[in-house]
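Quick note, the sequences are listed as chains A and B, same order.
Last residue of the first sequence? That's 351 in the numbering used here, and every number before it is there in order.
Last residue of the second sequence? That's 341 in the numbering used here, and every number before it is there in order.
A portion of the hints provided could be inaccurate.
As the list claims (entries may be wrong) - Here are some of the chain B residues that sit facing chain A, going by a computed Cβ distance under 8 Å:
(1) Ala245
(2) Met329
(3) Arg336
(4) Trp340
Said to hold, decoys possible - Derived coverage of chain B by chain A (criterion: at least 3 residues anywhere in the stretch with Cβ under 8 Å from a Cβ of chain A; other residues may be distant):
(5) 229-243
(6) 252-264
Hints listed in this document are in silico derivations from the structure and should not be mistaken for laboratory results.
No residue lacks a Cβ here, since even glycine has one placed at the ideal position from N, Cα and C.
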Amino acid sequence: MVALMQPGHRSNAKLSLAIPQPATATERREPAIQVSNLSIVFDTERGQLIAVDRVSFDVPHGEFVCIVGPSGCGKSTVLNTIAGLEVPFEGEILVEGLRVHRPRPDVGMVFQQPHLFPWKSVRRNIAHGPRMLGKSAQQANAIADDLIAMVGLKRFADAYPNTLSGGMQQRVAIARALANQPRVLLMDEPFGALDAQTRAVMQDNLLELRDRIKATIVFVTHDIDEAIVLADRVLIMSAGPGRILRQLNVDLPRPRSNAILLEPTYLALKKDCLDVIRAEGLRAFRQSDET
Amino acid sequence: MVPDTALKPDEGGERARERADAGRLQRLNILIGALSVPLFVLLWELVARSGIVNIVLFPPPSVVAVAIFEWMRSGQFFLDLTASIYRVTTGFMIGAALGIFLGIMTGQFPIVSSLLSPLFHILRPIPPIAFVPIVILWFGLSETGKLFLVVWGVFFTVWLSTHIGVQKVDRGLIRAALMLGTPRRQMLQEIILLGALPYIVVGLRTAVSISFYTLVAAELAGTFAGIVYRIEIAQQNLQTGQVMGGLAALGLISFAADRMFAALAERTVWWR
């Protein structure tokens, strides 16, 4: 625990686990993520496919952004590119002011599948990142145990992934991504494979967790409800080619939970989103009809 | 009767009866299973002594047992056994080590794969037994020739399963490991080897039986000690009992090796 504390920043030192602390004032002013003119073209059998077309957006420090869009709109591709997993691309991506060209430990990622190492216990899965960054086994285990407590899996610290439910596995994956104290956390439909009830619980858990870690989060989903419940801002993407259609600020009060799904302000926001998506769907439909 | 408060008395009775029936059936199955081999041996004894078949060519189990006992008492059995086991284990280990090493190389590096895989795919289908004549030309009746045959048989199986295992490692695990800061050079030991391990273990287990096939070919090609060699000598002397005893010994060793390997495999791939 001691190793994790960042003294003086916060009265609640335990919660400062992954708080990004910009080194200088100038750094603080620039966004955590800057995506400018990002285009990604895939070579397929039927020729070139423009997966992402000149996408630009910024994410300020500490913001929670959701990218929504239909499947195949390139939203996961955008996320993978920010992660440094998708190369080559056109345009420029800066994370914390540094150009992205390969995965970096200050950028954490949670995938749709947990992708836990099946031969490692929960504790050793979470300790993997710190171990790879040169921490001793003891330090890494201490970090892991803190995170295990944070995601409520103390009883399962020594369990192997195949003995856990899907929701628990995804909690381990989130804890594992947080173990390197990332400044940016990328989440690619992390709750997409879970049943509706588990998903609602996981969303509430994530909101609680988010209040503690204060990392910048980019969350990709095709579920509008999920996006509005979680995000400060929603980016709506269209398919073929993937572009950002619209941005919506979610001015719902925090702390939030799934209960806001019944608020009138929430419903108004959801209507806005649906209108944009419907108009886009119609346009795409007509377009495909003409060609 | 077992007291079962959750059930009505008559239902409880029925449950208990069903359980007792299931238990009886299970005991019956175990009993029949235990009788399988003795019944076969008895039938064999009766047929062999009935005069329907030639007792010299088809000796009863009692004669086989005497032959095995004589074989053991003379001390020759122990020498044959160690010679055979030495060939199988040494050949297996060399072939497996080579197979795993080159499987990782071809699985990991496309250039190595382009260089070696076509060659291996041409050589692999040739049955190792077909190499006996040339092995005799090259190595004579030496132990090197015997080892060569076993190594040859084991290598291709282990190489192929390792190669496939390395290629089939979940890309998602590799991406997750990359995101967690795993350096490329540590990826092999941290992710690839363990990810491929279930495949490697299956390949090794198949190779255990292959190593026994090739042992037979190697010892038939000519040697001075060994279980299969003893079978061949006994055949030339029309000692049919000894031949059958040798077969039984070979079956037992190869069965024991497979069981041991299965137990080992379960511990190696502990997360399955």
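To see whether the hints hold, each was checked on the structure:
Taken as an interface hint, B/Ala245 checks out: its beta carbon lies about 4 Å from the nearest beta carbon of chain A, inside 8 Å. The restraint placing B/Met329 at the interface with chain A is violated, with a minimum CB-CB distance near 22 Å, outside the 8 Å limit. Annotation: B/Arg336 was flagged as interfacial toward chain A, and the flag is violated, the nearest CB pair being 12 Å apart, outside 8 Å. Checking B/Trp340 against chain A: minimum C-beta separation of about 5 Å stays under 8 Å; hint holds.
Counting residues of the region 229-243 of chain B whose C-beta lies closer than 8 Å to any C-beta of chain A gives 3; at least three are required, and the coverage claim holds. Counting residues of the region 252-264 of chain B whose beta carbon lies closer than 8 Å to any beta carbon of chain A gives 5, which reaches the threshold of three, so the coverage claim holds.
Comparing the model with each earlier hint shows violations of hints 2 and 3; every other hint is respected.
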